[in-house]
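Given these sequences and hints, build the entire structure.
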Amino acid sequence: MLAYAPYDGPINDPPPPPANTPIGSFGANCAASFFEPPPDSPTSFGVGAPAAAPPAPAGAPPLEIFVTVTVDEDDGDRSAGDISLREAILMANAGNADATIHLPAGTYTLVRPGRGEDTGGIGDLDIANPGHTTRILGAGLETTLVRNGVDDRLFHIHAGSTVELRGMSIEQGIEPTGGGILNAGDLTIVESRVRFNFGQTTGGGIANAAGATLAVNQSTIANNSSQYGGGIANQITGFVSITGSMIESNFAFSGGGMLNHGGTVQVSASTIRLNNASESGGGLVNLSITAPATATLTSNSITGNQVTTSGISSALAQGGGICNAAVGGTARATVAMVGGSLTNNRATAGDLEQAIDSAAQGGGIFNRAAGGNATALVTADGVNVTTNVAAATATLSAEASGGGVYNRAESGQATATFTTNNGSVSGNSATTLVFGGEGAIDPKSIARGGAIFNRARMDNTVATAMAGATNINSNSVVANAVDSADVAAEGGAIYNEAGISPASAPTAIATVSLSGGGLRFNTTDANDGVETKSRGGAIATIGDYGHSVVDLSGTVVEGNRATAESSSVPSVEGGGIYNRVSPLSGLSRLAIDRTTIRDNRLDLVGAGNPLPRGGGLFTDGANVSVRDSTLSGNKTGPRGEGGAIFARKSLNVVNSTVSGNEAHSGGGIYGQSGATLLANSTVAMNSVTLNGGGVYAAATAAVTLRNTIVAKNLLTFEDVSPSPNDLAGAYVATSVYNWIGSGTGSTGIVDGVEGNRVGSVGTPLEPFLGPLASNGGTTQTHLPFPISPLIDAGEPGFNPNNVSPALLWDQRLETRVMDGNRDSIGRIDIGAVEARSTLFADLDGDGRVGLRDLMVIQRHWNAAGATYADGDLNGDSVVDRFDAALLIENYASVFAPASPAAPQAVVARAHGDALPIESPTTRTRAIRRREMGAHVVRAATAADLSPVAVDRVWESHGGASQTLRALRRRR
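Okay, so the sequence shown: first residue is 376 according to this note's numbering, each after it adds one.
Simulated from the structure, these hints should not be mistaken for lab results. All values derive from a computational prediction rather than experimental measurement. Every residue, glycine too, gets a C-beta built ideally from N, C-alpha and C. A couple of the hints might just be wrong.
[Claimed, not checked] Between beta-carbon pairs, the in silico distance windows are:
id, residue 1, residue 2, range
1, Thr1075, Ser1098, 24 to 32 Å
2, Ala1108, Leu962, 28 to 36 Å
3, Pro1146, Val1125, 26 to 34 Å
4, Gln641, Pro1146, 51 to 59 Å
5, Leu727, His477, 52 to 60 Å
6, Ala1108, Glu906, 39 to 47 Å
7, Gly619, Gly747, 18 to 26 Å
Written as structure tokens, this is what we have:
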């Protein structure tokens, strides 16, 4: 690849483009008012062409012309030794044959004025050799310099002509269209540089006309400027291919690096960097109004581009890296990115001096469809969208949206879609600052969607953002204000919104769909507002006046934070996810499937008694489901409600685990209003400082439990021993077959009624659950021990096909209804996990109790903190002769598993990766053994396990003499 020389400063810099124009004239449609030729001019940028040369004689030989002087002349002398570049081109035009022009090192400055003419004798260099190829071969871009010395461009390639420019630098041209080059034919630029040119309207470096073809290979387009397309402008049906090249430090109102208006652009293995625009598309604008626009970007680096709008009362900046827009009718704008990166781009709007209001949209990508059946589509496959910024500053109102990506459909039947797969959208941010000042009316500082902003605005619009196997990490939204402003920071990673104004029948649909990947360590931060809101550390989804849809499948939502600091009472909700929809939004939904929501938190500093809500999930709307998922380690902070989930209106939690969360009330789940259903789930080991360690049901809520465990949750105070605290509030009386450790402080679920088992603070029921661990499947669970009373204790006759959707599997995707206690009757277990049939004392998982199981006990003899898998069969956390006695009593028990145990499962069990059994608290050790074979379940007392009794069992049992002797020696 060509080694690019560093930027060495301007050489007779062209004048800058005109000052900023009012907002709305261009930027509102991502350069929608891009230059269109007047009706009476040709469509190809006003390109004219001289009369075609007569056809070449048959077999006309190719021409080879050597330029011998650097002066710009056309004196009629074509003799060897006196041929200028202009004369060589005129000779090629007249030759009616292929021509090669050799251009040695030197500076070739055009000095013959004649803007607008097409004969070639004056003005720019007109190459008009239709049907033939003209090649101009320089000595290198550092030594062969073609410069403008008058008010004109450098090269004009006419229609029908095929041209190659190689090994030269094309500099300092000035024209309304195509400051350096206007191409209406087929142009290839190789190992060259186009720089310091000025297109007063379009195409500062190069303008590619309608139907023309441009290829840029191993070249640099740098430091050019124009209103539209600072480096390159491509017109309707034009085709541009860029390979191994650099588009750098160009400037425009829209499309600092490049603008594609209704044509096709293909860029590969190239760099688009440090370009600037004052309205939209710092790196690239891809625009469709009357013709489709397509940009295919493969393995490129798009970095350091920016849109900066300041010095005006209303400032709008869109698409620091890329601006893709389809406007009206059947317009279709498509950007397809494969591989590569989009990094460190910025959309910056406003200032604290002249900007009354400002908006920055899409630090990396701005994608918008508006009106008619317009379609705007951006795909990113294996692309890293990182460290891009949308930042807005104003004296009254500032809004920053989509630090990484801004996706919006607006009016009519418009559709906007952003899709990313196998990449990352990380480290992006949206930030605002408002200086309200004394007397300011309704100042606002709003930051939304650190990674992705997705909005369907009105009518029947559809906006969709989809991510597959993509990590969306460490993005942020920060909203700041100085002196009296409403401040909102929403959606640290993703903000999803449908509809922006009241409607009796909302139809706009905004959808976010995530499959695999993760949303990790994203933040919302709102500061110093009169009304301060921080919502959705990872995701905020709003459906007040439209249909908001969010689907999460196989995703990890981890370590996100919603924070706020204010002298007033701040609102902080949804450390992981914030969901709010209106009753009108009937198609709205939040569906969480096979997803982990863990270690998210709420932090706030404020006056009064703020109530942070929903450490993992805050939901205020209908059609919310959590299935086959785990919410763990989420926290609300002091006075908070709903460590894992805070629910209004409706919520269904099915086949899921809620564990290790913390709050003031509702350590696991806080149901404030509406209907909440917990079915076949496990709520365990959460904690509170007030009440409802597992679940809190407010007076206006209707909370129903079915086949669910709520146990081992705690009420904790400093310097006070923790006490069982599982339920608080009133529950629906039709709750059935639940296992409640302590029901003290709750009503509606009664021990012995409807199959429920309910303990109390003084006598809590022990579920015999292991700790939260990876027990199969994609999410962590609490696995019942073989001695657990939860096994085969759920609703009798439960038919998994009689619920919708069918409950065929447990949280781990294991078969849901099995005969876990080997009594030949299949019955569902209580909780999120269906225990497999287990042969007691079969420590190596081979389906029989034998010598290898004794060897497991021998390896862990006298080990403290032992687990069942180590050989601790009686649950006292040590492996000793009492465990050996139990094993020997079951020696030679056999059963055939439904399917062979996986080798990794056997190894895990043999090495102690299985879960510990709780130690008994009384002298009588109730050992509930679900025996396989002829053995029966019975209670073993301390007398049964005395040394004498143990010795008797050992002596009476044969077949394991060597191992037994070894064990006895270690007693």
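Quick rundown of the hints versus the structure:
1. Thr1075 <-> Ser1098: 24 to 32 Å: 27 Å, holds
2. Ala1108 <-> Leu962: 28 to 36 Å: Holds, at about 33 Å.
3. Pro1146 <-> Val1125: 26 to 34 Å: This hint holds: roughly 30 Å between Cβ atoms.
4. Gln641 <-> Pro1146: 51 to 59 Å: 55 Å, holds
5. Leu727 <-> His477: 52 to 60 Å: 58 Å, holds
6. Ala1108 <-> Glu906: 39 to 47 Å: 41 Å, holds
7. Gly619 <-> Gly747: 18 to 26 Å: 38 Å, violated
Taken one by one, the earlier hints fail for this structure only at number 7.
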